[in-house]
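Based on the provided sequences and hints, a complete structural model is requested.
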Amino acid sequence: MSLSLESSVITTDTVQHDAVLDYYGRRLATCSSDKTIKIFEIEGETQRLTETLKGHEGAVWCVSWAHPKYGNILASAGYDGKVFIWREQQNQWQKIFDFALHKASVNMVSWSPHESGCLLACASSDGTVSVLEFKDNNFQHVAFPAHGLGVNSVSWAPATTPGSIVSSASPGQGSPIQRRFVTGGCDNVLKIWTWDQATQGYKQESEPLTGHTDWVRDVAWSPTVLQKSYIASASEDKTVRIWTSDSNSQGQWACKVLNFDAVVWRVSWSLSGNVLAVSGGDNKVSLWKENLRGEWGVREDHGRKNQAAVIW
Amino acid sequence: MVRLREISRTAAFAWSPGAGKPLIVTGTRAGAVDADFSGDTKLELWDLDLDNQEQGLELQPLASIAADSRFYDIAWGPPTDDYPQGVIAGALENGSLDLWDAEKLIDGDDDALIARTTKHTGAIKSLQFNPLRPQILATAGVKGELFIYDVNDPSNAFRLGTAAAHDLECVAWNRKVAHILATGSAGGFVTVWDLKTKKASLTLNNNRKPVSALAWDPNNSTKLMTSTYDDLAPVILLWNLRNSNAPERTLQGHEQGILSLSWCQQDDDLLLSCGKDNRTVIWCPHTGTRYGEFPEVTNWTFSVRFHPHNPNLSATASFDGKITVQTFQNTNPSAVQNNTQNNLDGEDFFTQAQTQPQGAAFTLAKAPKWLERPVGVTFGFGGKLITFKPVTTQPGQPRASKIEIAQFSVDSEIGTATEKFEESLKAGDIAAICESHKDQATTDEEKAEWQVMGTLLSENPRQQIVEYLDEKSEKLGAGKGHKKNRLSTFFSDNAEGEGDDFLASLSATKGAKTDNPFHLFGENDSTVEKDITKALMLGQFEKATMICLEEKRMADAFMIANCGGKELMDKVQAAYISQKEGMPNYLRLLSSVIVKNLWDVVYNADLADWKETMVTLCTFADPAEFPDLCEALGDRILENGSRQDASLCYLVGSKLEKVVGIWISEFEEAEKAGMAEGSDTTFSVHARTLQQFIEKVTVFRQVAKFQDTETALPSGWKLSALYDKYCEYADIVAAHGQLNVAQKYLELLPTTYPAADVARNRIRQATQKKTAQPAAAVSSGRTSRPTVPAYMPPAPAQTAVHNSLYGAPGVPTPPANPYAPPIASNPYAPQQAYQPTPPAQQGGYAPPIGGYAPQGNFGPPKTTTAPPPSNRPPPLKEAGNWNDVPMVARPPPPRKPTPNTAAVNSPYGVQAGMPTPPPPQSPYTRGWTDSTSPRAGSTTASQYAPPPMAGGAAPPMANVVGRTASPYNPPPAVAAGPPSNRYAPSPAAQASQPPQMGPPGAPNPYAPQQGYEPSMVQQGPPSSGPPSTMSGPPMGGPPMGGPPMGGPPRTGPSAGNSPAPGPPRSAAASPAAKPKHPPGDRSHIPASAQQLVDILSRDMQRVAAKAPASFAPQVKDTQKRINILFDHLNNEELVKPDTIQQLTQLATLLEGKNYPEAQQLQVSIQTDRTEECGNWMVGVKRLISMSKATP
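Same order as they appear, the protein sequences are chains A and B.
The first sequence begins at -6 in the working numbering and counts up by one.
The second sequence begins at 3 in the working numbering and counts up by one.
Check each hint, because a few of them may be wrong.
[Claimed, not checked] The calculated lysine-lysine pairs, modelled on DSSO-like cross-linking and capped at a C-alpha distance of 27 Å, are:
#: 1; chain 1: B; residue 1: Lys368; chain 2: B; residue 2: Lys23
#: 2; chain 1: A; residue 1: Lys47; chain 2: B; residue 2: Lys404
#: 3; chain 1: B; residue 1: Lys44; chain 2: A; residue 2: Lys249
#: 4; chain 1: B; residue 1: Lys178; chain 2: A; residue 2: Lys277
#: 5; chain 1: B; residue 1: Lys121; chain 2: B; residue 2: Lys201
#: 6; chain 1: B; residue 1: Lys23; chain 2: B; residue 2: Lys106
[Stated by the list, open to error] A few chain B residues facing chain A, derived, Cβ under 10 Å:
#: 7; residue: Asn312
#: 8; residue: Asn334
#: 9; residue: Val379
#: 10; residue: Gly382
#: 11; residue: Gly384
#: 12; residue: Phe390
#: 13; residue: Glu1134
#: 14; residue: Lys1138
Since the hints were derived computationally from the structure, they do not count as laboratory data.
Model, not experiment: these values are computed from the prediction.
For every residue, glycine included, the Cβ atom is placed at its ideal position computed from N, Cα and C.
This is how it looks when you write it as structure tokens:
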């Protein structure tokens, strides 16, 4: 396990709130307090600002790339309560949808796994979650109250349940594509929601996941489809909780607590879902892995300047 | 702002502390008159219940208890050990300090009151818990009384300061220094107290205006704000204690006296104030900027407070009988209105309207700090880790962030393992790989597999296998003779002892005869012997043999037959073998060997002796049949549970799909074992095991020179389990940044494999240097190619070719915009491309010649639409074989349904010399052929049958995939079948057609074919959206299509013409379309052309047999072309009778080796009858020159 020296550094004169690479790892979208979204082209160790998207009337909190099969699409959400969908065509970026339903800051947006469709979940401080669906050239939405005190984060479950990896040769058979996500809010709990075909809405699955003693700032559902489902949650209470569930646990989630020195802002799973990156208010980044005994160990600290591979 | 809740009380209030669900405690406000003029004094608890959608705007109290006196102020202290929900303290008008246990209050207990202390001589105006020492409480009241309590022992309070003339109106603890607090007096002084010295340390002159409220800076211990209720100068002052002479800033905006301040703890840029002007204003205290105000209410707002933990919420209490809980944002005002409206239901509108706050809805424009995510980390494709964090800047400088992208490797093991493996591959040292794996193998099974693979590498793999098996089996002796003996016994035990070697005895017999002198007609000769002798003397070997056979003089019969030629010999052999009774078992083996039919051995030999069976196969099996024999043997072994042995058979037989099945189960077991060890992470174990699996497969592919023939199929791949693993592996490898490697494996996937495209494209995008340029594809090709060494199979190349043929449908991303979505959302949409298929014919025949059809039918896109096959490296290899430039321009050859690859390849691949049309995928490599050659019992027969027969036999066998039901069918089934039967479609072929053509879910995929005109379609520009998934030879072949021979073929030539298949295509069939015979069929050659066909095929064979190996491609190409001609002739199409005549003449010249004239004639035919000359003419031309060059 190693982490090379920072291969690329961008310094901005405004505060950034999100930075995500696209599906190919070729473009970096960042968003900032200055109400703009910036898109950088990454080439090796260099990067070039190619676009600045303006339109938000407040700080932009979150950007998220859609799966390329739906086009070159970026979603953004901000303090202005707006969710924008941007699309690039012929090298031109255009805002193709302006979603202004929410009454307060939209803190996070998240695209669903592409298998389940072109769906965007939005978490808002107004206590609701909305799910936009792009279908038939049209955006439709479902909104529902999720965390009355405000929703901070949302993360989709992988399209198939772990342990039921269906062969790609027979899509549509085996376990159906699920629409399921987790939200975290100012009420210190996580809630899991599943699409209910009957009511055409999202239904809360079992009881909220409780344990955090302060706001849940971020949630991340591991994309892994091996064995277990993993959800990581980052909280103001200076802990990260890792919730696991497998086919035997019947909807019950076990929980492990990782302690930190500072509030934890962000958790992110690696693409294979086996490593968890945690970033805290002390500006430190740590990477965590679970061993087979189910213990989580820090694997890397990216906090100090110019720190390269630190292996524990 | 959004008004969330209302409490209908005129009351002092306090928020519950902490992160739990927000509650509000209220105490009836002193100095106010209730709407109902009641004198009740209550302490009440309210739950905002924000998650409850049923809850209306107006709340009902959760708990309500009577209090002794009215409240000036109320505070809720943080939880302590004794009071898990904290303590509620009331500053009462009567001077007593009442303490309640919040938990008991919540629970509804009556005895919530903890203590009542009366230190004050008059009303307590203000109180506050120490934010840093939650058990410490300060109260301030009339006559300058200021007390400090420990809530655990409230009676033991101490007093600060002395009696003063003025009342203290407010008290506030410093947020940073626990022992500092400040009070504000009605006399206009702000006093800062130090608990350590228990003295006032500083006094601020608040412009001599009464101080109504105090608020310390949340972060800066020397700053505080004060306000005054004086209506003449309603200002808020910001003080810095370092300069107590004058306020640092003055906030002006209220029109009347200010009654309350609240400085946000989470964002020091936010301050709330409210007052007698009925307004609640939000400020930036540092700059004095007024952000805005909440809607004005109808009476004084006397208290405002941020929720101490969730500053999204704040509450304002006013004398109009309400406490309003609100947010700061309303980004969608229209929606809120409805909400409010709903809550008015059932109430009198006018009474309500009067008390509704006035003014526009307010939304806080500045984003509060608690929503600002300062740091973050995310993962990106290709092992990238992106982090961002704030950069420390000088105060006053704009805040900045730094974003870093680092390369990250989850598991260095995986990275190095992959690298190492790829390097060895590049170095080409497969043997070393096998060797090292063998050494590292943990299980015997694994070891054996690697050893076998190593063995396969050798020059004479079969010999090696024999030796390997030899080594393994002590039972097998070293000597060849001995081995034979052993072999002979393995069919049954009682065979032991009948050990005389058959061949040996043959020669012995022979020897005996030569040793003994004899008379032609001996005295003891019987009549029979005499007859034989006579026949021999007359040279009637056949007759002599027959007599011998009748007399069961086998040895004699053989001897005589030996002189009578091969045919006779065979006859005797057959006769000998056929009399099975009483024969030793070895003869059965021998019979198998002699007739080159080892299926008997494979299927019937006892499995205990499988190794011997294997040795036999290695020794005798025809190369073409060998893999299938091995497979069959492996199947049998597997059925009996010995995975390792089965795997060996598959390995030896180069049956990747079967081996993979076994390896995948091994993989799963290994993973489980790894998990059980428990020292590593789940993922690492998984990844490591997967790596080993992939290495094994890769090496094997290389060793066996395996060529995946199914990559062009749209579905039903035999190797789909492997493809899954490839995808997964590519994902993992890519996640470790090794995109080239990932790409290499993705290239091995079929074009239409789900997810393959996306994944491939992802890596291409990720690796390419420039986006949005067509050149990108080339560059990616360049980068990826070198990593794909020699064994880069035709798979990608193949698909690339087929892409270009069909218009690159597999490329989801137009090069102009690599990020754009695939254009063809429905891959099945472009039906036109398939229209050329004449439905009736399709029903009737499965056409091997289809190999040409795509070129003819779909060729044009190559030049017209010219979609760059940017998805993968250019089809260099194929181009070499297929540089048939003329084809593009020419009218297409016969309209055939798209070919079944299996059908095309299997019969011909082995026999390079046969003048049959090679399939489009150029199966010139052994490995490729081996893997697809049908495993019917009759393969031998069909492969050695004369060319036309083989062609004819092909269609029924087309769909044989997998183990056939009845593999031991006697060869004659094919060879001797009545010609008419061969054209009957095999039931399997028919059944399989619809799924091949019909896109899943499309109700009627054939509809567009209605009334189409074949020729027009053929020539029309196929620009209308090339098909994507259907583009491959669309059969996939039903995996278990009926046994080729098992089912009785339809009889009667009509079978082929009356299309039984149900699909609409039969209805759509153009009545004009003439039934077509399958390519390769030679039974309908008109008499006029028979001579021509005979001569040309003869000459072709002659040429093929003698041509130098280096010309093999040209020879094959020529054969292919000549066969096109034959197909035309067979269908009596294109070539007109007089042309046939001319061609016959040409053939005769050729036969007469009159090359100059033949060439002349050829030129003249080509000139005069251009319209009839298709691709075949080039073949004729080449044949002439080849024939000329062949002695």
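Hints, one by one, checked against the model:
For the proposed pair Lys368(B) and Lys23(B), the alpha carbon gap of about 26 Å is at most 27 Å, so the pair holds. For the proposed pair Lys47(A) and Lys404(B), the alpha carbon gap of about 21 Å is at most 27 Å, so the pair holds. Between Lys44(B) and Lys249(A) the alpha-carbon distance is near 44 Å, which puts this suggested pair outside the 27 Å criterion. The suggested pairing of Lys178(B) with Lys277(A) holds, with an alpha-carbon distance near 25 Å, which does not exceed 27 Å.
The hinted pair formed by Lys121(B) and Lys201(B) meets the criterion: a straight-line CA distance of about 19 Å does not exceed 27 Å. At most 27 Å may separate the alpha-carbon atoms for a hinted pair to count; Lys23(B) and Lys106(B) meet this at roughly 16 Å. Among the interface hints, the one on Asn312(B) holds; its C-beta lies about 6 Å from the nearest C-beta in chain A, closer than the 10 Å criterion. For Asn334(B), the shortest C-beta to C-beta distance to chain A is roughly 5 Å, which falls under 10 Å, so the interface hint holds.
For Val379(B), the suggested interface contact is upheld, since its CB lies about 4 Å from the closest CB of chain A, less than 10 Å. Restraint check, Gly382(B) versus chain A: the minimum CB separation of about 3 Å is within 10 Å; hint holds. For Gly384(B), the shortest C-beta to C-beta distance to chain A is roughly 4 Å, which falls under 10 Å, so the interface hint holds. Against a cut-off of 10 Å between C-beta atoms, the interface hint on Phe390(B) holds, since the closest Cβ of chain A lies about 5 Å away.
Using the Cβ-Cβ criterion of 10 Å, the hint placing Glu1134(B) at the interface with chain A is not satisfied: the shortest such distance is roughly 43 Å. Below 10 Å, beta-carbon pairs count as interface contacts, and Lys1138(B) has none with chain A, the closest being about 49 Å; its hint is therefore violated.
Of the numbered hints given earlier, the model fails hints 3, 13 and 14; all others are met.
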